[in-house]
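Participant: Sequence:
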Amino acid sequence: MKKFMIDLALKPKFLEEYKLDPEAVVESAERLSNVEKFALKAARAGAAYILMKATESDIASGRQLTEDEIAAAEGSEGQTYIVLVLTIAILVLFLS
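Take the sequence shown: its letters are residues 5 to 100, numbered as in my numbering.
Keep in mind that the hints were calculated from the coordinates and are not lab data.
Every residue, glycine too, gets a C-beta built ideally from N, C-alpha and C.
Mixed in with the good hints, there may be bad ones.
Derived lysine-lysine pairs resembling DSSO-like cross-links, with alpha carbons at most 30 Å apart [claimed, not checked]:
#	residue 1	residue 2
1	Lys15	Lys45
2	Lys17	Lys7
3	Lys41	Lys23
DEER-style ranges, computed between Cβ atoms [to be verified]:
#	residue 1	residue 2	range
4	Ser61	Ala28	29 to 37 Å
5	Arg67	Lys41	16 to 24 Å
6	Pro16	Lys45	29 to 37 Å
7	Leu24	Ser65	36 to 44 Å
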């Protein structure tokens with residue numbers, strides 16, 4: 005998911021394709037889990053945010069969010085791209 009998010013932030017054409025048809029872009033992406041695909045297809049800030057905020061203990065325990073939890077995540081459609089870009093910017097800063 006990290007690579008997908010970085011590509012959204014750094015590749016304007018990829019972002020434009022995602023805005024036009026999130027489902028097709030997500031399905032063509034490699035190395036995404038089913039849960040990540042579900043959240044990214046929703047194209048809502050809340051869905052992406054809830055996955056990105058997983059803590060180390062969540063990951064270590066193997067806890068996986070359900071589709072219901074992802075679908076219920078708060079966030080407006082207008083915030084999606086802002087959240088995605090900010091998340092990517094943070095990732096890029098920490099990976100540099």
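Participant: Is the hinted range of 36 to 44 Å satisfied by the C-beta distance from leucine 24 to serine 65?
Facilitator: With Cβ atoms ~37 Å apart, the hint holds.
Participant: Is the straight-line distance between the alpha-carbon of lysine 17 and that of lysine 7 30 Å or less?
Facilitator: 15 Å, holds
Participant: Holds or violated: lysine 41 with lysine 23, Cα cutoff 30 Å?
Facilitator: Holds, because 15 Å separates the two Cα atoms, which is no more than 30 Å.
Participant: Go ahead and decide if the range 29 to 37 Å is satisfied by the Cβ distance of serine 61 to alanine 28.
Facilitator: 35 Å, holds
Participant: Between arginine 67 and lysine 41, does the C-beta distance stay in 16 to 24 Å?
Facilitator: For lysine 41 against arginine 67, whose Cβ atoms are near 18 Å apart, the range 16 to 24 Å holds.
Participant: Look at the Cβ atoms of proline 16 and lysine 45 and judge whether their distance stays inside 29 to 37 Å.
Facilitator: 21 Å, violated
Participant: Check whether the Cα positions of lysine 15 and lysine 45 lie no farther apart than 30 Å.
Facilitator: 18 Å, holds
Of the hints listed earlier, the one the structure fails to meet is number 6.
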